[in-house]
Every structure is written in structure tokens, then in C-alpha cells.
Amino acid sequence: MTRLMFLIVFIIIIALITIFALDSYTGKSYIFLFFTITSNTLLYFGFRKNAIFFDTFIGIFLWLGFWFKTTMILIFFENRFIEKVGKFDGSGIQFDNALLISAIAFSALILASFIRENYIFKYPTIDIENSSLFKFYILHRIKIIIFYISLFLFIGVTNYYFHIYQRGEISPSDIPFIISGIYKWLLLFGLSTFAALILKYEFSMKRRAIYFVPILTLIESAITNVSLLSRGMILNSSSLGLGLMRYSYINKYKINIKYWLFIIFIMIFVFIVSISFANKLREYSFLQTQQNHTISETFSNINVTKNVGSIFHLIVSRSVGMEGVLAISTQENLGWNIFSEALSEKYDESKTSFYDSFVDSGYVNSKEQNRHILSMPGFIAFFYYPESLLFLFIVLFSIGIIVSLIEVSAYKLGKNNQILSALIAQVIAYRLIHFGYVPAQSYLLFGTIFLNLLMIYSIDKILFVWYKNKDTNVTT
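If you read the sequence shown in my numbering, its first letter stands for residue 12, the second for the next number, and so on.
Derived from the structure by calculation, the hints contain no laboratory data. The reader is advised that the hints may include incorrect statements.
Straight-line alpha carbon distances no greater than 20 Å define the calculated SDA-like cross-link-like pairs of lysine to any residue that follow [said to hold, decoys possible]:
1. LYS269 x ASN344
2. LYS362 x PRO450
3. LYS154 x GLU213
4. LYS133 x GLU213
5. LYS362 x SER182
6. LYS423 x ALA62
7. LYS423 x GLU128
Full structure from sequences and hints, please.
Below is the structure:
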């Protein structure tokens, strides 16, 4: 009954927002309604009983970047997008075309999710921990937690100090590739992988609400993202939290709603603090290239309250989606040649990206100022370069199926760890949302994910053999 009431309230809210947005929409109402229905159905699919984590995160990201952003801009920003959107002039024809493209893409993902649920995979209704890694953790728990704390502090401090990998910055050329690669893995999801394992093992041991480790993982995520000059601390943290909620629920751990509300409150608080520090460090990094400016001057006027107010603007402006579709769909020279050119883009931090040049976004990279700034079209806009709705539908349906198989593999190789599966699903969904720059290098991310999972699987197998031989020797 509670679930039904929540759904009814949600539908009423969506309906009211849609009515207000339609008042400013310049295109056809039925296309906007089709866009609204498909977008919110995709979001709903991410929270249904048999949803996988990719359903959840892709639904949230696309909902924020398309439906939520579009309605907020129509209602509060007088139909003016914050970023430059190619040749979009606000006309109803251009708007209708972009919304139709988006709705077709959403429909492909909805169908893929339906096929996955009925013919490929559903998470089991119970998931008890029995891996050899779990046994190893029980025997060496304190040492492992100390190692985890030491590792994320070391990586965070050294990454910030040496600028190994930071958002919007050109990477130093004197850092060895292997060192840079390890840092990128740890910063993006390697450290969060440690957190996923520790969270599962801690809750499996105690089978009740605990506070220290969840808060510790939030601190790790904050330090990691501040060192990256990133305001995305909420991403990995929310995926770990969502995975932990499902894992605790299916195993009927003694955890009530007050505990989750407390953890969510702490997560939001740490998120706001991390945004405040990240904003100031980004400001310091920019000012340092323009004039003599000390870090103490930058932090002398830090204002956490101001950053609370900027979160809404941050969500609307930084959620990738509708601008990309509008920008690409309004170009006149689309086709397979353009798609091939975008697909073959080479990585060069000193050059403006293909997409930014193609739609004349205004972003220009500057090696002299150590800046590496670009905008992303997102995977829906990118796969519309050929200007074919059929191609877009087929590709997005295929992506939905393939990513679900990757999540299944993450669950199996990760020794039935739903918290880890949630993390991997979020990382992939986030990559798809920000897809479009050097797409051919996506193999690096997926290869790293596979190696990450293979490492966990291999260590567990080695420990299994070790403990088996040890028990045999003791018996004999």
C-alpha cells in the first residue's frame, strides 16, 4: 500500500510539473507528453521489484539530464539553456525533434530492461556471504581497515599535490603511465571497490546497523573527489548505499528506517562540505594560473551555506543530456561520415574536442593555462550523429542488454556482492551519460572494470585453495 501511495503521489507531482512546463513549451503537446511518459517510465523501471542497478542509475541520470532539466528550464529559465546548444533557436520544430529522439532512446532502454528481466537475469531473493575473502577479512579485519584508511589518505593527498589526475586539468607529462593508470583506477572506483567489500563483510559479520564503516567510506569518497577537484562525491557513495540497502533488505538484517535516514543525512552533509572544498580548490587552481594567489586567500571566504543553494543550479546545469541532443539534432551536415569522424577522435588534451568544434560550444582548451575543459553530448546524442532513429533505437537496445550482462558478470565475479554490482553499474551508467569524447578509448574503462573484477575473483580462488590445503594439513 505504501508503494502504491508513493507512486500515486509521484504521478500527481509529475503531472503538475508537466502542466506548468507545457505552458512555456513551443512545440506540440503530444510529443512533450510522449517524452514525459517514456522518461518517467524509465525512471520507474529503475525502482521496480526486479530492477537491476543499471536500470536505477541510467533512469536517474537520464531523468535528471532530460526531463527534469527540460521542465525546470521551461518553468524557471524562460526556455534558455545554460550551455550553448548549437543552432537551437527555441522553435517548436527543433524542440519536438529533440524530444522525439530522446523518447525513442528511452523506449529502447525500457524494452531492453523488460527483456533482461524476463529472459536473462534477476537478482536472487537471498544472498549469504561465504567467500574465502570474507574469511580472510574476519581474520585480519583491523589491519585491512587501517590499510584502507592509509591508502585513501595517501592517494588523496599525493594526487592533489602532484596533480596526477584532476578534472579540467592537463595531466603532467612526467608521470609514468603505470602510476597514472593506478591512480585513475583507485580514484574512479578502485578505492570504492575496497569500500564495497568492507561494507558487505562488516554487515555480514554483525547482521545489524553499524556506523563506523559506512561513515568511513563517505569520508574516503569526499577526500577522493576533493583531490580530483570533482563535485561528484555523491555518485560512488549513493551506489554503495543503494547496494547496501538492497543487500541488507534481502537478508533481513536488523536495520530500521531511522538508521538509513541518519546515514543519508551524513552523506548529504559530507557531500555539501566536499562541494565547498572542491569549488574553492578549483577556484584556487584557476586563479593560480592567472596571478599570484595563495591557497589561504582562497579559503578565507569559504561559504558552505552558499554551496547548499548552488546544488539546484549544479544539478540543472551539469546534468548531461538535453543540450547534446538539441545541439546535434539542429546541425545540418549530419550523417555516417560525421559519425565515423566522431568515432575515430584521438585523445589530445591541448585540442578542443570534436563535439565542441562541431557544435561550436565555445569551449577551447589551452595548454598554456593547463586547462582541459570540454562538454559531452552523451550517448543518446552521440549515436544520433548518423541522423537515423532506427540506428539509435538498435544501438541503445543493445547497450541496455550488454550492460545488464556486465552487471551480472560483476555480481558473479565479485562473489555475489550486490554492493559491488551497484558500484560497477553506476560507473558504467555515468560513463554512458558523459559519452562522446574519444569514444574508442572506452575499452580502457571496461578493461579496467574487468581486471578489477578478475582480481577479486582470483584472490578469492587463491585464498580458497590456501585455506583448503591448510585445513587438510591440520587434519592429517
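These are the hints, each one checked on the structure:
1. Distance check on the hinted pair: LYS269 and ASN344 sit about 56 Å apart at the alpha-carbon level, beyond 20 Å; violated.
2. Straight-line distance between C-alpha atoms of LYS362 and PRO450 comes to about 16 Å, which keeps the hinted pair within the 20 Å bound.
3. Under the criterion of a C-alpha separation no larger than 20 Å, the hint pairing LYS154 with GLU213 is consistent with the structure, at around 14 Å.
4. A threshold of 20 Å between alpha carbons decides the hint, and for LYS133 with GLU213 the separation of about 25 Å lies outside it, so the pair is violated.
5. This hinted pair checks out: LYS362 and SER182 have alpha carbons roughly 14 Å apart, not beyond 20 Å.
6. With a CA separation close to 17 Å, the supplied pair LYS423 and ALA62 stays within the 20 Å bound.
7. Distance check on the hinted pair: LYS423 and GLU128 sit about 17 Å apart at the alpha-carbon level, within 20 Å; holds.
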